[in-house]
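A.B. asks: Given next are the chains, with one letter for each unit.
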Amino acid sequence: MAIELQRHQIEQIQQDGKQTYPNECCGVLLGKEQEGRKVVLEILPLQNARDDSPRNRFLILPEDLLHSDREARRRGMDIVGFYHSHPDHPARPSEYDREHAWPWYTYIILAVGNGLPGEMTAWLLSDDRGSFFPEEMRIADRRSEKEAASTPNSESTGSST
Amino acid sequence: MSVKVIIPTPLRQYTERQDSVVVEGQTVEEVLRNLTGRYRDLYKHLYSEDGKLRSFVNIYRNDEDIRYLERERTVVRETDVLSIVPSIAGGSRRASLPTR
Chain A
0 MAIELQRHQI
10 EQIQQDGKQT
20 YPNECCGVLL
30 GKEQEGRKVV
40 LEILPLQNAR
50 DDSPRNRFLI
60 LPEDLLHSDR
70 EARRRGMDIV
80 GFYHSHPDHP
90 ARPSEYDREH
100 AWPWYTYIIL
110 AVGNGLPGEM
120 TAWLLSDDRG
130 SFFPEEMRIA
140 DRRSEKEAAS
150 TPNSESTGSS
160 T
Chain B
0 MSVKVIIPTP
10 LRQYTERQDS
20 VVVEGQTVEE
30 VLRNLTGRYR
40 DLYKHLYSED
50 GKLRSFVNIY
60 RNDEDIRYLE
70 RERTVVRETD
80 VLSIVPSIAG
90 GSRRASLPTR
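Residue numbers (numbering that gives the first Met the number 0), protein chains in the order written: chain A, 0 to 160; chain B, 0 to 99.
For the record, the hints were derived by calculation from the structure and aren't laboratory data.
Treat the hints with caution; some may be incorrect.
[Claimed, not checked] DSBU-like mimics (lysine-lysine), calculated; alpha carbons at most 35 angstroms apart, straight line:
{"hint": "1", "chain 1": "B", "residue 1": "K51", "chain 2": "A", "residue 2": "K17"}
{"hint": "2", "chain 1": "B", "residue 1": "K43", "chain 2": "A", "residue 2": "K31"}
{"hint": "3", "chain 1": "B", "residue 1": "K43", "chain 2": "B", "residue 2": "K3"}
Whenever a hint applies, use it, and build me the whole structure from the sequences.
C.D. replies: Below is the structure:
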């Protein structure tokens, strides 16, 4: 399944990674599953709860997730995935990422090197939880979506921007 | 007695795409056992091989984490809502995982 974001949402994640550097940022991707793809409608930055090791770990508190999920449902959306940054580290999932991941959700990873946002990748956990594989990430800008309701006008980026 | 159980998106593939399910039970344990009895593929995602709730699965009765109540023995009422909330964590700085 592919995931589709708007350009300003990509920039929002990049901005969060930049502002949070050298710590890891994290947040929730709210949206809907439509025609076999996940469409992100809103980015919700959340507090990284790992006070003890914020430079190489992130944690979203279950109560924060519960409230995010309620808010999403109230507005007709779902949690479709999460993002976090890897400060001074490649945008590839670590073993620790895999151990804590869930199938179906999209996990976006943003590399931030020396405070500057770099590569951004999207990953899905296999059903047997054994490995991650890249998920196609598409970028659609709001203007083109409005202009072309019947003709999809999105550019595919593979797993990176 | 029946209570509503909120299903997170990754687990809806095992509940016939339903985002919530009404299940019988007097305690959290009874509700979850009846839920996984109805949707058997859910079991391995909620319970480990030794039959205990997985550590990265959080159960809330309304706004309260059952770990701070009576865990699975927590009593539920008709008006309660149980939420299955995944733990979300990760981070860098260990060997990168082989991907496929």
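A.B. asks: Hint by hint, note whether the structure agrees.
C.D. replies: Status of each hint after checking the structure:
1. Distance check on the hinted pair: B:K51 and A:K17 sit about 40 angstroms apart at the alpha-carbon level, beyond 35 angstroms; violated.
2. Note on B:K43 and A:K31: the hinted pairing holds, with a Cα-Cα distance of about 26 angstroms set against a maximum of 35 angstroms.
3. With a CA separation close to 21 angstroms, the supplied pair B:K43 and B:K3 stays within the 35 angstroms bound.
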